[in-house]
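Enquirer: Two independent chains are provided; combine them into the complex using the hints.
Given next are the chains, with one letter for each unit.
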Amino acid sequence: MNTQDRIGTIYSGTLAALGAATLIGLFVLQESPGPLWLWVTFAAAFVALEFSSVEVNDRLFVSGSIMVAFTAATVFGRESAVLAVALMAAIAAFHPDDLRQRRWRQPAGNFGQLVFSATVGVTVFLPFLPDGPVEAPDLPLLAAGAALSAAVYDWVNFGLVRFMVRRLYPERTLHPWLKMLTNHVALAVLGAFGGILGAAYVLVGPVILPLIFVTFLVGQMGFHSYSKLRSAHEDTIRGFVKAVEALDPYTRGHTERVAAFVRMTAERLGFEPDRLERLRWAALIHDVGKVAVPAALLHKPDSLTDEEYRRMVRHMRVVEDVLAGVDFLAPMVGIAAAHHALLDGSTDVAVEGRILAAADAFDAMTSTRSYRSAVTQRTAFDQLRRRREIYGVEVVETLIAAIEMSSEVYGSPDDESAAVVERLVRERAIRA
Amino acid sequence: MPDRFRLAALAATSIAGIASAVIWWPGSVFALVVAGYAAAQFVPMPTPSRLGVSTAPALAGAVALTTHGSAVLVIGALSAALPLSRLLVHLLHGRRVGDERFPSEPVGIGVFGGLFALAALGLGGRDAADAVTLSAYALAVGGGYLASAAMRAAVSGRGHSMPRRLLFIRALTDWPAHAVLYSAAALYAVTVPVMGGWSVLLAGLPYAFGHISLHRLQATRHTYDQTIRALGQIPEAGGMVTAGHAGRTADLAVAVGADLGLGGRALDRVEYAALLHDIGRLVLANPAVAAGHHTPSDVSGWSAAIIGEAKNLDQVAGLVAVMHSPYRRPGERRDPGLPREAHVVRVVSAYDTEISTGRSPLEAIEMLHRGAAYDFDPEIVSMLRHVLERRGAIAA
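Going down the list, the protein sequences come from chains A and B. My numbering puts the first residue of the first sequence at 1, with every later residue one more than the last. My numbering puts the first residue of the second sequence at 1, with every later residue one more than the last.
By construction, these hints were calculated from the structure, which means they are not laboratory data. For glycine and all other residues, C-beta sits at the position ideal for the given N, C-alpha and C. Keep in mind that the hints are not guaranteed to be accurate.
According to the in silico footprint, chain A covers these stretches of chain B (three or more CB under 8 angstroms from chain A) [said to hold, decoys possible]: (1) 126-139; (2) 192-199; (3) 211-219; (4) 308-315.
So these bits of chain A aren't anywhere near chain B, every CB distance computed over 10 angstroms [to be verified]: (5) P96; (6) Y226; (7) D306.
One side only, chain B facing chain A, incomplete, derived with CB under 10 angstroms [claimed, not checked]: (8) A186; (9) I228; (10) A288.
Bound conformation, chain B alone (with noise of 0.2 angstroms):
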């Protein structure tokens, strides 16, 4: 997102938020406001996006709830400060904390403090433990939520040839941190009147409950992805492939894929597979196999087996098995059932072997459009130039 634009939106919500912290709160309350903001930052909530969420939409739902009465004027301001704690947290800590999730985290946090602070006009004087204000609240928080995945998928989208469509798809599946979030807060909410600092316990476990175990599972899945490139690297540690090769295709099967709009799960496979597609050349240590004749699709084979080995991994070993098929053999007609996750594979695999024997990124792509329509699949080459002329790799 450009800077400009960064910076402009920063300008005129701060200057909006001042202006609502002149006109309806007293200033040290805009302050805390804005302090708790900035702080929030500095937790963040584990995400299956792993963009992550702050706790500032938990701060925000309490602001709301404990503070009914005043809802329409304290909402006003709720979004606002949330750049303004923005820019606190720059001068005091440097530019990277918070900035991914800037601006759709305070467009989501004020579309709810919108919605919220219209149907508070109708709720009359009914209180926070009451269930129709906390269906008010739900729809509320639904409305900010969608709204946040809208906007993360706009930014998101500049530049970006994927439908922002599927964008803003991926941009929900956040939904189980933002419900952890907004409950707690209505917990403590609905409770302080009555129980007072006990509803902070009361608010928190379940709180801490819900971050621990996406805590847990984020953790868990970049030490599965971590040892996943790590065995990819292994053939390359043994000297039977060139060093990177891996990596490489992987980053780039990975680019291409989002590219053609496959969604979460197909890119992990993408990912996996592209990783480990290389793992069967460990079968040629064992000389009397290294003597014989051998073709790709043997390696493909041999690799499909040893993955094929965790149940986990079948599908990412069922593509592997199929990469080095053809797109299309002469007087045939393309296979239909051949998974295109495959065609990425080996479409990327094979550019980056024809760079690592010394060819350019222009020559290795003309090498593989000369094969275009039968070994490698017209559309997955196009957009992999595509991908190399967006990161400068080739001229447009």
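Extracted from the complex, chain A is given alone in its bound form (with noise of 0.2 angstroms):
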């Protein structure tokens, strides 16, 4: 077992203990919530949400857990809310998969961290809920009251996730707390929501459960499908590109390193989620007009004369207003004509433009193409300094910074390589 092995099965093992000694500690202090088929009735539902998360929005996915939590915590009141609550998320943290491939280390860890989030945030609640039954008069309290509370259940959660894949996976990024904004104001909503409906349950009775039953696995089927079409359509414009550079060998895998490369840098320079998925988008199309360009005026041998590459960017143009004719697509082809702009000797351009234009000559830098080797990794860096006044100072610097950071060399290994394929292209272009 590897030392990062280690650390995770301490600390899984630790988040399970301190989940054990909650549910010890709660089942001595709170009374079991009953009547027993209502407890598996919300246990069911709570745990089915859990399990499946919807896309609402572009990549905001929101689980209705917490939903069910509040009205659970309301219906069974003080003596009992938070033992229910604890106890359906203790269950929750088992998926299928971990037990089906025997994995235990996630799921300990889930284990403690679900019914330790659960406990906080549901005894925040405690104070909102009325001594006895719930009455319509304490309707704004408890609403209140359910937003704080899922807030807090929401943080300590979130808090635990980040100290663990900080500790164990370094080298990834999250999402600072306040950059997922929408998703903890939406999860505050559910938990309001929740504790409403539990006090509807209470004051009419479980014949609103099948009403809020039908229009929720509606919404849920209709978030599903419009996850799996997005999946589709972006796979669809994937295949599509991909198929379009198998066309051109030297070009093979380009579009992805691309699009990579601007991830990267994107996230480093703190991009939104939206802002940066456009840009992710841009790089995966911004070639897709070289289709019509003649393979003759695409693979030659020499440089373009201008008014070749004029000829170029022209047949370019053409599939790229084609593409612009798509709602979904037009921002994204409007980033990739501004990185076409910049090329064209354009200083107004957004750094949208100059990210996509800097990973664009950084690929194509460290590719071997029909007129050149690939230079090494450090020379492409040397390159990009060079025209740090297109691209953009920060730009440049960021980008070498993830590259550096991903521990990924690009590019020929060392001059001598580069030298001897650079000669051998240019014999295979000379019989040409």
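Expert: In structure tokens, the structure reads:
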């Protein structure tokens, strides 16, 4: 077992022990939630929703389990709320895939994390619950208390996850808590709604459960289909780009690498998720226009003349105009066009266009083409720094730092290898 | 649907509504319901059939349950109020809003109301939060929804050779939106006596969740369709295919497929196959390939390989791969394994290619007839002819 595995086991074990101690304490301090069938119903809903978070917006995943938690807390009252929800969270820690693959470390850590977070969150909620049965005048305080408690639940949960990831996977970047504000607001709203729903159950009776179930089921199905269709949409474009790349052996994998460099750079620059996503898409489609460029022009062994370059850009623009007709792709096509404008000498280009241009240039330099060989990574960095006036100092230094941090090395391993490949490329070009 | 029929239906139900209002309702309450229905036309919920449904059913459901005690009097006017609200919308905003949902939506609400009113006679003094009341409500919603779907099939079936049975099944795919509307309405109705204004939030949030999910799904579907269309146009932008060929082929192929009775997903596959069947021509950008000999089957193979890179389009790739297989070879029987969708695209693509060479629609159809029973499926050629006659491209 290596050091990282050992540390992971210690942390997961500690969390699991914390979770177990918390549960034991709750069994002593709280009453068992009843009736049992009601707790089982809530637990089933909690677990089902915990395992099926839906993508409600661009990469914003929300699970409705927190809503069920606060519904149950309201229904079971002060005497049993914390134990009822902590038990549900304990069960939800064990995903069927973990059991099938006999993975224990992850579920153990999840168990402690979920039980502890649920306990803290619902404990904060207790003062907002009335002494006796819920009545209509209790609703405002209940809703406010549930929202606050859901935020605490979320904050503790996220804090524990962040603690573990930072120690076990230091190379991974986690969005700072504030940048995921939309997630946290959504969870607080769901918590508040759960409180109101619990009150409705107490005031009206179990008859409202099927009505809630139907509307949320349709919503869940809709978001699930939306998520699948989004993936299908992305797969379709990526598939097309990959197929187009396959037509030219020199650019195979180019767009994926550029998209990766762009993502790394934009993350370090602190781009918001939406902005990052647009830039990533722009990187994926930035070379699609080349399909309309005659091959003789595209693979010319020597540098293009000004007129040939203008012809190439004209051909590419025709395809870009077609893609710009797709509402979703229009902003990304704009970024790709801006990156071309930078190459044409334009100085007024947004940072997205400059990042894409710098990433594109880096990959072009570190790949062998029909007219020259790949250079070493060090040489490519030097070239980028020489062009810092074009791409921007911050963009260049951030891209370089991101690549160095990734521990990957691109381009030729050394100058001698680059010289050998250069000679071979030129010989083939002359023979062609 | 002929305008005279629409106007007659509008007039009849409006008169019934006014009469019922005069007899049973205070005018102000009726006016509020009419205005509410009118406003509901501007908040349609997306549906798989793309016709949408207004939030009027939710209003109907809420009114029906909250006035349970006098449902018999109220329901009679509810469905009649809807045509009056359409008149209001037409006067204030123009004819386009909600036209596609008439008369199926008021018929559905009317049947729901009538069924619930009948059930209310036997429910005695049970309140809205009672399980028996809600069961009766659910059955009435089901009946109303079936009536709405049947009316839509009947109306859209005019002049359409697709069996009404299939049109009805297609109309039933809108059930998620109706389920959300009527459930949210019931949630409001059962909680408002004890929770007051909080009921709006309790019903509104799940409704919003459902509405947003269906809206996102529809928007993403629209984007996906746009993307497929754009990808299909790229060979045209590169000068490798006649401009507009992909779009025209897709449009006609979907019409022929619908007449053949193909269901929703099969029609989507036909449309995508028609849009993308020439994408393989991008390979011809390589001069070494362009200089060599290639057949339409080669292009189909290249297209299928490109389309197949997107895993979700596997079935479309399969259609494109075989679309240039002949319907039947001389002396052989027809291969039942060849999908009809592939032949639809083959026939329509061939038709558009003939048109692009300067032939008239009639001449192009005659060219296809010469190849029928061998190159082209004769039934599909015949269906294409019917579609063109319906569109006035050729005389009947």
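Enquirer: Each hint needs a verdict: does it hold in this structure or not?
Expert: Each hint tested on the structure:
| no. | hint | in the structure |
| --- | --- | --- |
| 1 | 126-139 | holds (count 4) |
| 2 | 192-199 | holds (count 4) |
| 3 | 211-219 | holds (count 5) |
| 4 | 308-315 | holds (count 6) |
| 5 | P96 | holds (24 angstroms) |
| 6 | Y226 | violated (5 angstroms) |
| 7 | D306 | holds (23 angstroms) |
| 8 | A186 | holds (5 angstroms) |
| 9 | I228 | holds (7 angstroms) |
| 10 | A288 | holds (8 angstroms) |
Violated hints amount to a single one, hint 6; each of the other numbered hints is respected by the structure.
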